[in-house]
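Undergrad: These are the residues of each chain, in order.
Protein chains: 2
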Amino acid sequence: MARILVTNDDGIHSRGIYVLADAVSDFGETWVVAPEKPKSATGLGMTLHKPLRVKKIHGKERTFAISGTPSDIIHIATNVIVGKVDMVVSGVNVGDNTSIQVILSSGTIGAAAQAALLGIPAVAFSMAVNDDDKIEEQKNMLKPIIRSVVHYVLTNGMPPGVDIISVNFPERIGKNTEVKVARAAKTRWRELVDERIDPMGEKYYWIYGKPTEIEVGTDVHVVFEEGNIAITPLTLNLNIPVPNTEDSKIGQYFSGLCEDMVSTIRKIYK
Amino acid sequence: MARILVTNDDGIHSRGIYVLADAVSDFGETWVVAPEKPKSATGLGMTLHKPLRVKKIHGKERTFAISGTPSDIIHIATNVIVGKVDMVVSGVNVGDNTSIQVILSSGTIGAAAQAALLGIPAVAFSMAVNDDDKIEEQKNMLKPIIRSVVHYVLTNGMPPGVDIISVNFPERIGKNTEVKVARAAKTRWRELVDERIDPMGEKYYWIYGKPTEIEVGTDVHVVFEEGNIAITPLTLNLNIPVPNTEDSKIGQYFSGLCEDMVSTIRKIYK
Numbered sequence: 054m055a056r057i058l059v060t061n062d063d064g065i066h067s068r069g070i071y072v073l074a075d076a077v078s079d080f081g082e083t084w085v086v087a088p089e090k091p092k093s094a095t096g097l098g099m100t101l102h103k104p105l106r107v108k109k110i111h112g113k114e115r116t117f118a119i120s121g122t123p124s125d126i127i128h129i130a131t132n133v134i135v136g137k138v139d140m141v142v143s144g145v146n147v148g149d150n151t152s153i154q155v156i157l158s159s160g161t162i163g164a165a166a167q168a169a170l171l172g173i174p175a176v177a178f179s180m181a182v183n184d185d186d187k188i189e190e191q192k193n194m195l196k197p198i199i200r201s202v203v204h205y206v207l208t209n210g211m212p213p214g215v216d217i218i219s220v221n222f223p224e225r226i227g228k229n230t231e232v233k234v235a236r237a238a239k240t241r242w243r244e245l246v247d248e249r250i251d252p253m254g255e256k257y258y259w260i261y262g263k264p265t266e267i268e269v270g271t272d273v274h275v276v277f278e279e280g281n282i283a284i285t286p287l288t289l290n291l292n293i294p295v296p297n298t299e300d301s302k303i304g305q306y307f308s309g310l311c312e313d314m315v316s317t318i319r320k321i322y323k
Numbered sequence: 054m055a056r057i058l059v060t061n062d063d064g065i066h067s068r069g070i071y072v073l074a075d076a077v078s079d080f081g082e083t084w085v086v087a088p089e090k091p092k093s094a095t096g097l098g099m100t101l102h103k104p105l106r107v108k109k110i111h112g113k114e115r116t117f118a119i120s121g122t123p124s125d126i127i128h129i130a131t132n133v134i135v136g137k138v139d140m141v142v143s144g145v146n147v148g149d150n151t152s153i154q155v156i157l158s159s160g161t162i163g164a165a166a167q168a169a170l171l172g173i174p175a176v177a178f179s180m181a182v183n184d185d186d187k188i189e190e191q192k193n194m195l196k197p198i199i200r201s202v203v204h205y206v207l208t209n210g211m212p213p214g215v216d217i218i219s220v221n222f223p224e225r226i227g228k229n230t231e232v233k234v235a236r237a238a239k240t241r242w243r244e245l246v247d248e249r250i251d252p253m254g255e256k257y258y259w260i261y262g263k264p265t266e267i268e269v270g271t272d273v274h275v276v277f278e279e280g281n282i283a284i285t286p287l288t289l290n291l292n293i294p295v296p297n298t299e300d301s302k303i304g305q306y307f308s309g310l311c312e313d314m315v316s317t318i319r320k321i322y323k
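Chains as they are written, first to last, in this note's numbering: chain B, 54 to 323; chain P, 54 to 323.
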């Protein structure tokens with residue numbers, strides 16, 4: 054029987070996490086461990102300098118809130134609360150996690166990434182809505198679709214090289230909704246800053262975003278232009294391979310850089 | 054004349070940022086914009102639901118503290134304080150940023166990544182020390198080495214496909230220190246959790262790490278086993294390409310997943 058850890062970054066009171074937990078509950082032993090408060094846009098941030106608290110939620114079996122980030126939760130859950138888990142599912146997030154820009158700062162993906170670093174298969178679910186009511190409303194459509202994804206991954210494992218499978222649902226799922234594999238766009242938002250003056254006469258600033266141009270074939274296009282479901286396989290391997298020769302442009306670039314640095318070091322000590 | 058934004062995640066009072074700013078100051082117009090408080094392990098986290106404050110630091114030219122994360126700083130600096138910048142340098146971080154695990158949660162790399170998403174060349178500098186005194190002590194070695202890196206990148210641009218160049222210094226730089234291009238290891242730490250009881254009799258938890266096994270050829274090996282400087286080129290492209298055919302394993306995997314999901318959707322509406 055599979056042991057599944059269900060988590061999110063919207064916090065233990067978000068309805069999305071219970072839609073996800075209900076969907077997977079009969080695949081095995083399901084544990085719900087989530088931040089006590091919303092922790093959106095925390096990425097893989099961890100809490101190293103503050104102690105963490107764990108609170109069992111009354112009236113709910115195997116359900117816990119933690120005073121930390123989604124990354125903290127993976128560590129506390131696997132070390133203290135649950136033990137070894139076979140799969141981590143994260144979400145259903147209120148709001149899409151499309152584009153590299155959004156993915157890199159997402160706590161939903163952060164939890165999945167932290168699981169992947171521990172070698173645990175990880176699937177993240179997000180929905181292009183701005184309120185968890187809209188997830189709740191569509192739970193009868195969402196649950197069987199989520200079940201089919203989790204069943205597939207439990208049966209087939211993760212494909213080689215894939216650390217996270219990210220699933221983004223459009224705002225509305227209907228009978229003609231399609232499912233497409235799509236790469237993450239580079240950006241979804243152009244960040245802008247709004248300057249304001251507080252009642253004491255001091256300046257303060259809000260960061261907000263305007264949508265960037267949408268490229269065909271990306272997760273953003275599938276979810277927002279087509280209204281379909283996007284499946285995006287992600288790697289955490291950020292490495293750019295550099296051949297150890299001068300034959301390639303990138304090899305030349307970095308051997309030049311190393312030479313400059315070494316000759317600087319040798320000069321300091323001459 | 055180049056306009057260079059110097060930032061970090063250790064905060065405006067860390068000595069590392071001034072070592073970095075001094076090192077690059079005569080390449081052009083240098084701006085120092087940093088978090089007012091340390092923001093380590095915030096990754097690419099952003100502040101969207103709280104207003105931000107900007108404070109000019111007295112007695113220091115073009116130096117500002119912001120009540121936000123390293124990612125916030127890139128947006129506020131480029132939108133409000135500085136305008137268009139030619140390069141972002143982040144650091145010198147107290148503590149290495151070796152391994153994917155550490156990189157993904159690093160605020161130092163987070164600032165560089167946020168810059169890279171805006172198309173700005175970004176270099177991150179980190180040092181395997183636990184105190185900024187040790188950066189200050191070695192500033193006469195660090196500054197010329199940093200200068201050689203920044204000069205090289207200003208002259209040659211970033212190599213194609215590379216979003217961030219991450220430089221990790223060992224604890225001590227000496228006359229025989231070498232410079233090596235090295236891929237980021239997967240992990241550096243195995244996270245453990247320590248359970249304690251507070252004076253009121255309630256449990257609380259600390260997350261801490263023990264080093265994982267070090268693999269030859271990685272940034273961790275170069276910095277900690279060899280005591281050399283590691284140069285690690287990073288991409289932010291987390292996409293795994295999926296061919297649109299059944300010929301490849303990964304193509305088969307995802308077409309099977311999509312089929313299962315679509316047939317589930319069609320059944321709901323039957």
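The hints are simulated quantities; they were obtained by calculation from the structure and are not laboratory data. Take these hints with a grain of salt, some might be off.
Straight-line distance between alpha carbons at most 30 Å, and here's what the computed DSBU-like set of lysine-lysine pairs gives [to be verified]:
1) B:Lys263 with P:Lys108
2) B:Lys263 with B:Lys239
3) P:Lys196 with B:Lys108
4) P:Lys196 with P:Lys228
Undergrad: Starting from the hint list further up, note which numbers the structure goes against and sort them upward.
TA: Going through the list in order, the structure violates hint 3 alone and respects the others.
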